Amino acid sequence: MQGASRHPEGERGVSMSYALVVAEVRRGFFEERNLDTIGLARLLGKEVKLLAPAGVACGSDDLSDAVIRAQVQETDFLSPLNMVRIIQKVIDTAGRPEAVLFTGSSSGIELASYAAGALNLPLITDVSGYDPEKGVFLKSYYSDKIFGEFKPREGTFAATVRSGSFKEQAVSKGAPAAETVLDAVETDPGRSFVEYVEEEKGAIDITKADFLLSVGRGIGSKDEIPAYEELADLLKAVLSASRPVIDKAWLPKPRQVGTSGKTVKPKVYFAMGISGAFQHIAGMKDSECIIAINKDPEAPIFQYAHYGFVGDANKLRDKMKDVLKG
Amino acid sequence: MNLLVFTKRVPATQEEELRIVDDGRRVDLSKVPFKVNDWDNYAVEAAVSIVEKAGGDVTAISLGDAESDDVLRRAIAMGAKDGFLVESSDAINDPMARACLLYNFLKKEAVPFDAIFTGVQSEDDQFASVGGILAAKLGLPFASMVIGIEAFEAGRAVIRRELEGGLQERVKLALPCVLGIQSGINEPRYVSIMGIKKASKVERKVFKAGTYREGVPGMIDLVRWVYPAKKGGAVMLQGEADGVCKELLGILKEKGVYQ
Chain E
0 MQGASRHPEG ERGVSMSYAL VVAEVRRGFF EERNLDTIGL ARLLGKEVKL LAPAGVACGS
60 DDLSDAVIRA QVQETDFLSP LNMVRIIQKV IDTAGRPEAV LFTGSSSGIE LASYAAGALN
120 LPLITDVSGY DPEKGVFLKS YYSDKIFGEF KPREGTFAAT VRSGSFKEQA VSKGAPAAET
180 VLDAVETDPG RSFVEYVEEE KGAIDITKAD FLLSVGRGIG SKDEIPAYEE LADLLKAVLS
240 ASRPVIDKAW LPKPRQVGTS GKTVKPKVYF AMGISGAFQH IAGMKDSECI IAINKDPEAP
300 IFQYAHYGFV GDANKLRDKM KDVLKG
Chain D
0 MNLLVFTKRV PATQEEELRI VDDGRRVDLS KVPFKVNDWD NYAVEAAVSI VEKAGGDVTA
60 ISLGDAESDD VLRRAIAMGA KDGFLVESSD AINDPMARAC LLYNFLKKEA VPFDAIFTGV
120 QSEDDQFASV GGILAAKLGL PFASMVIGIE AFEAGRAVIR RELEGGLQER VKLALPCVLG
180 IQSGINEPRY VSIMGIKKAS KVERKVFKAG TYREGVPGMI DLVRWVYPAK KGGAVMLQGE
240 ADGVCKELLG ILKEKGVYQ
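Residue numbers (numbering that gives the first Met the number 0), protein chains in the order written: chain E, 0 to 325; chain D, 0 to 258.
FYI, nobody ran anything at the bench for these hints, they're computed from the structure.
From a predicted model like this one, the values you see are computed outputs, not experimental measurements.
Among the hints, a few may not be true.
Unchecked claim - DMTMM-like, lysine to aspartate or glutamate: derived pairs with alpha carbons at most 20 angstroms apart:
1) K314/E <-> E239/D
2) K264/E <-> D204/E
3) K318/E <-> D232/E
4) K171/D <-> D75/E
5) K144/E <-> E16/D
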């Protein structure tokens with residue numbers, strides 16, 4: 000079986016026969032990226048046990064082989080301090096898993112690093128590939144320009160999984176998962192959830208636009224923004240941006256495309272000076288047509304674009320304005 | 000309030016062509032310029048702006064080679080009181096090893112602190128894990144993706160964490176704690192060359208990383224480096240900008256978004 004023979008025995012001879020998948024449930028919603036963690040768990044060839052808070056639906060009931068319910072609310076479940084106690088309780092009850100898998104998200108990465116530190120687990124984050132033959136996990140370096148093949152050493156390991164990487168592997172075994180309820184754990188008062196806060200709404204909704212002109216770090220400075228606004232007007236496009244532009248407050252947050260901003264699917268996504276960090280790609284890859292202008296011929300965005308041009312975005316912008324006014 | 004902030008010197012690979020050498024065992028960074036990790040810049044600003052209001056000191060700490068003194072001077076120029084370099088000539092890839100080494104350093108040197116600030120991740124390895132592992136080893140509360148600090152006083156902090164799709168959550172933490180600071184939380188102050196020169200006069204203490212290696216586990220191994228799998232890839236337009244612009248306008252017309 001794929002990758003199954005790597006650590007057949009855990010400590011004290013307890014069989015490490017399962018992969019523990021920590022479900023991400025947010026405001027009662029079972030996030031789609033859970034399919035990627037379940038998919039990787041399937042690839043590991045182990046029994047898949049899904050760890051979830053009580054009282055929430057976790058997709059179809061045959062996605063995993065077993066569901067372990069922690070008797071806590073969703074927001075307590077997502078506190079790293081509590082998660083350590085919950086996973087420890089799972090280990091005490093069901094033995095050591097081969098792997099503890101977390102989603103590649105704000106909470107997933109937070110939970111994984113804290114749990115790995117507390118439980119002393121080898122940790123690989125942002126896993127986007129797995130080779131069962133070699134038992135190696137693919138992890139991005141340098142904004143996807145290079146990937147490392149990593150292997151965890153002996154014992155249970157932890158990983159976070161990049162969204163979209165393994166969802167096709169999340170196939171069910173047909174039978175509904177058996178549910179068990181975990182003994183209650185005391186929540187840790189060191190960190191507590193207060194409330195959710197929604198981002199302020201902008202005057203323009205970039206998700207409704209058919210044509211987005213999107214700018215990134217490569218445009219160089221805030222002083223370049225007015226000229227892009229002018230180009231957007233000439234093209235009748237709506238101006239959007241990648242994270243670095245928003246971070247530097249060159250454009251307001253509602254204009255941000257990417258996982259922490261908006262997910263967009265316009266007819267045309269025209270990216271200027273955007274190199275294509277994974278979080279950005281995730282927010283625009285389903286656009287009908289992607290055009291990318293970037294100085295760096297190795298920029299990851301060219302892998303996702305339909306049309307590309309290697310050159311300085313600002314120079315092309317000025318030329319384009321001339322042609323349009325021409 | 001004593002705040003520690005970790006800062007890392009990283010290769011600026013945005014516009015560089017990276018080559019894998021030595022049969023996949025090494026990425027050649029010899030021609031790549033280095034800079035401060037973007038996230039750490041926000042973390043330094045966050046820490047400095049807290050002590051400016053509440054009083055206290057910020058100490059910048061860097062684990063890296065001798066050149067990492069650059070990022071310490073930068074942090075001092077931004078308002079840190081001093082800097083500690085935990086000097087290691089070899090790069091440590093495993094975030095568990097980095098975190099354990101830093102844990103040993105803090106314990107052995109009995110460095111006092113009320114909170115530790117890190118960047119959410121470093122640009123080069125994107126592990127986003129050292130802060131979380133260290134917090135767990137120290138047995139302290141932890142929050143990452145911190146996009147707002149609303150209260151920071153004796154005993155407690157109220158922060159906002161960035162989630163997905165524009166959603167945030169407000170969270171309360173007991174101090175001391177470890178915070179992973181997200182980019183965009185503030186506007187890091189400008190640092191002039193004069194400022195960095197002046198910072199050179201402030202003492203930076205150097206500690207040898209080897210002293211803190213005891214019990215530091217390597218838990219994952221790099222097998223080899225590989226290039227990303229090529230997908231379909233774009234149709235690349237060639238030629239002079241004039242012709243390219245006309246071609247692009249043709250595509251926009253064809254897609255029906257421009258008349």
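The hints, checked one at a time:
1. Taking the CA atoms of K314/E and E239/D, the gap is about 11 angstroms. The hint holds against a cut of 20 angstroms.
2. As the CA atoms of K264/E and D204/E are separated by approximately 12 angstroms, the hinted pair is consistent with the 20 angstroms bound.
3. A threshold of 20 angstroms between alpha carbons decides the hint, and for K318/E with D232/E the separation of about 15 angstroms falls inside it, so the pair holds.
4. Straight-line distance between C-alpha atoms of K171/D and D75/E comes to about 12 angstroms, which keeps the hinted pair within the 20 angstroms bound.
5. For the hint pairing K144/E with E16/D, the CA-to-CA distance comes to about 8 angstroms; that is within 20 angstroms, so the pair holds.
Hint check: no violations occur; every hint is consistent with the structure.
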